[in-house]
Structure formats: structure tokens, C-alpha cells
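Residue numbers (our numbering), protein chains in the order written: chain V, 1 to 219; chain Y, 220 to 487.
Just so you know, these hints were derived from the structure itself, not from any lab. Check each hint, because a few of them may be wrong.
Restraint-style ranges between C-beta atoms, simulated for each label pair [said to hold, decoys possible]:
{"hint": "1", "chain 1": "V", "residue 1": "A13", "chain 2": "Y", "residue 2": "Q427", "range": "35 to 41 Å"}
{"hint": "2", "chain 1": "Y", "residue 1": "P416", "chain 2": "V", "residue 2": "L165", "range": "56 to 62 Å"}
{"hint": "3", "chain 1": "Y", "residue 1": "D475", "chain 2": "V", "residue 2": "R23", "range": "35 to 41 Å"}
{"hint": "4", "chain 1": "V", "residue 1": "R71", "chain 2": "Y", "residue 2": "H254", "range": "38 to 44 Å"}
30 Å max Cα-Cα, derived DSBU-like pairs, lysine-lysine [said to hold, decoys possible]:
{"hint": "5", "chain 1": "V", "residue 1": "K17", "chain 2": "Y", "residue 2": "K476"}
{"hint": "6", "chain 1": "Y", "residue 1": "K476", "chain 2": "V", "residue 2": "K148"}
{"hint": "7", "chain 1": "V", "residue 1": "K81", "chain 2": "Y", "residue 2": "K476"}
{"hint": "8", "chain 1": "Y", "residue 1": "K329", "chain 2": "Y", "residue 2": "K431"}
{"hint": "9", "chain 1": "Y", "residue 1": "K476", "chain 2": "V", "residue 2": "K145"}
Don't be surprised by glycine CBs; every beta carbon is placed ideally from N, CA and C.
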Amino acid sequence: MVGREQFDQELLAVKDKVIQLARSSRRQLEQSVEALYRADVNLAKRVIKADEQLDEMDLSINEAAILLIARQQPVATDLRKLIVAIRISTDLERMADNAKNIARSAIRLGEDHQLTIHSSLADMRDVAFKMIDLAIDAYYKEDIKLAKQLSELDDLIDNMFSQVLEEMLHMSASNPQKIQLIMQMAFSARYIERFGDHLTNIAENVMYLVKGETFDLNE
Amino acid sequence: MDFVTGIALKQTVEVSNQNIVYHTEDLNLWYGQTHALKNINLPIYEKEVTAIIGPSGCGKSTFLKTLNRMVELVQGVQTSGIIHYRERNILDKTFKVEELRTKVGMVFQKPNPFPKSIYDNVAYGPKIHGIKSKKILDQIVEKSLKGAAIWDEVKDRLKENAYGLSGGQQQRLCIARALAIEPDVILMDEPTSALDPKSTLKVEELIQELKKDYSIVIVTHNMQQAARISDRTAFMLNGELIEFKDTDTIFSTPEDKRTEDYITGRFG
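Let's have the full structure, built from the sequences with the hints guiding it.
In C-alpha cells:
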């Protein structure tokens, strides 16, 4: 009997890196939304700077997975583990880009904008947090049931976004002088909503990992 | 057609329009007290490459050698069940093994050319089957060597001893020798395990060419090879057929945990 302990450990190391990137993306969302609410330009700048590290993490996951594919020639579940790590990592990196965009909006709003940031953005962020935690859990445990719950939460976040967008349209109609600022807020809501889409992709990838079939949770 | 295992049944449903060359039914084989093949129900499809994989001692080579009854050469072998070859049971006492030999060619692990010229190696089979005309023999030799993708390398030295060829060339010569009798099926028992990577690739490409005209069954230890060249893969373990499916499925989403463990290198 010959096991593949070394390879198994390397597969686990890639998985750990993906989970680390997921946690970092979560932190980026947390801090960017905080910068928005607190009108903290310095914090927003730090979020933008930190995004470079997340890009590097994504790159390092890609490199590690490609090297393992080349050296170990994995098949079946082993191969899917690596392909899925690459795909999930891409989604996480794009989630972080959305956090960076929220930070940019915070900088554009500046420190003295006198605008009350809509409370729905914090609510949307909380749903996104829940989704990230669920996605990490589903990926870690390779659990399809957990993955499926993500699509329901994505519907929730989509509805919240539609509602908040409508409110902001009314708001801009009655405050035309603030339209530029309100737009930054609407953009930010849109960026949070994008988290839901990426997390749904991650759920699909967890299902592919386990089942070996492609699913579309957006249907 | 009626198969015992559900897996085999599923296979027939999927490809009912395809011809079957071989079909074993509850094939059992014993070497003395050792039960080497256990109730094997396996169809071999026409003009496809069927790979048989499994750890050492799983019975894959034994299975291959039952298909041309070469296994009978081992003392104390007993078989039960049926091997249909083109609807006839080759295990039936009335079936002449010589007839099978003209229909089924075999290529072995190590190239085994005769200590004769390249030409004579290929012409040997047709000659013992009664072909005497020099002109016809010339044609057969050229066609077979071309078929085995070695003609260009040897056409100017057909009278030279086959032992002067490289290992890879010798193996392709043995394939040419198998083609010379115009077989229906070619059995290959780890045909590239003694070859370097470049020669291996040549033989693999050749196998892809050959399946246009022949049905090929290949036993291989090299799982990447099975994945690269076969249409269907059978996984055997301890004399049992564990899983038999199209190769894409076996190497992406095998059903049986033992298949998954073997192809991912967790045992064997």
C-alpha cells in the first residue's frame, strides 16, 4: 500500500490558503464599509493598499495549484480540488476588488460630505458576511447542503439592493445637489451586491468539487 | 443482451448501436487453488481501445490471455463461464484455437522479434498461413510496416536483423507482425512499459491510428496512458471487475471508492 501523504498535505495547504484569502476578503469588506460609514479616508486608503496582498495571495494559490497539477498529474477528485481552488480564489480576489471599489467611493465622498449613509448598506454587508462564513464552511467541509443555502441568501441580497436603489433614486430626485454623493452610495450598494454573485459562484464550485457536475444556482 | 452487473447493463444501454467483439459472461478462472478471475462480465466494443487497469496481481493480464486462450498454456488452469467472440463461445471445446490466432494478434510487454530479418519477422505469420507468393508477401510486409508507422525507418534495410533496431522500433515491428495476419482484434499487454517516453508516445499515437481498423484491448500499469488513449476503462481488483465505464467518467467521476483510490494513487 502506497499512500500519497505528501500530496495530501500539499492539497490541504492550498485549501488553507484559499480559506485565508476568503477571510481576508471578508476583512476588506468590513473595513471598506466601516470607512464609508465613518467617512474615514485613511482607513479607505489602507483598504486599497491591502488589496495588493490579496492579489498576491490569489497568484500564489494559482501557482501552487498549477505546480501540483504539473508534478502530480492528479485525476478525479484530486484534480477537481485544484481546479476549484483556482476558481474560488479568482472569485475571492474579485470580491476583494469590490471592497477596494467601496473604499474608493469612501475617498470620493471625502470626510465632510454630510450625507447619512443608508442603513441598508450595513444590512447588505451583514448578509454578505453570513454568505462568506457559510461559503468557507461549505468549502472546508465539502458540504453541498451548506453550499445550496448560499443561493437563497444571494436572492435576499439582490432584493435588498433593488430596494435600496429605488430609495436612492427618490433621494436624488429630492436632493439634486447631492446627486454625485448619492451615486457613490448607490455604487457601494452595487459592490456589496456583487459579493453575493461571487459567493454563489463559490457555492457552485463546491458542488462541482463534490459531485463532479456543473450546477447553475442562478437559474 | 443481458448482463449480470448493473454497471455492464448501463454500458449496453448507452451504446446499444455499437458492435461488440468480445463479451464475457460469468468468466471464472483458477490457477490451481487460486481464484484469479471472478465472474467477469465485460463487453469489448468494436474499433475502440479498451484499457484494463488495476494493481499487480489483480488478474488483468490473465483476463487478456483468456481472450486468445493463451492462458491454457499454464498448467492447472481451469475456467468456467462463456467468452463470446463474434457470437461464438471460444471456451467451447469444439472451437479451434488456431482459428482464434488468425483473428486475434498479441503484443507483449517486451518486444520479442524473432532472430530473423525485419522482412521475415513480418512475413512469418502470413507464410505459415499458407501465403507463398513473393509479390503478395512483399505487399503484406509493406502494408503492415506502414500500418505500424515504422516503414520509413526500415524500408532500406528490410534484410537486416531485427535485433539491430531500437527497443521502440522493435515494439512497432512486433505490432507490424501482429498486423500482418490482418487480425480483428489486437491484445496488448503493457506494450510500452519497456520503452522510453518518446517511443511510448509513438506507440500511443500508433494505437490511436490502429483503432480505426482494429479493436484493441490494452493492459497497462500506466494510468495516464489509459486516460490518454482508451475509449473505455475497466478497473480490476483481486480478480474482480470493479468498474467499467467510458474513460472520461472513470478518470473524472468514478463511482466506486476503490476505483477513485486507485486512479488517484492512494493504493496499488
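Status of each hint after checking the structure:
1. Checked against the hint of 35 to 41 Å, the C-beta distance between A13 (chain V) and Q427 (chain Y) comes to roughly 37 Å, which is consistent with it.
2. Distance hint for P416 (chain Y) and L165 (chain V): a CB-CB separation of about 60 Å, consistent with the stated range 56 to 62 Å.
3. At roughly 37 Å, the beta-carbon separation of D475 (chain Y) and R23 (chain V) lies within the given 35 to 41 Å, and the hint holds.
4. Evaluation of the 38 to 44 Å hint for R71 (chain V) and H254 (chain Y) yields a pass: the beta carbon distance comes to about 39 Å.
5. Our distance criterion of 30 Å between C-alpha atoms is met by K17 (chain V) and K476 (chain Y), whose separation comes to about 27 Å.
6. With a C-alpha separation of about 25 Å, the suggested pair K476 (chain Y) and K148 (chain V) falls inside the 30 Å cut-off, and the hint holds.
7. The straight-line distance between the Cα atoms of K81 (chain V) and K476 (chain Y) is roughly 16 Å, inside the 30 Å bound, and the hint therefore holds.
8. Restraint check for K329 (chain Y) and K431 (chain Y): satisfied, since their Cα atoms lie roughly 25 Å apart, inside the 30 Å limit.
9. Using a Cα cut-off of 30 Å, the hinted pair K476 (chain Y) and K145 (chain V) holds, with the two alpha carbons roughly 22 Å apart.
Checked against the numbered hints given earlier, the structure satisfies every one of them.
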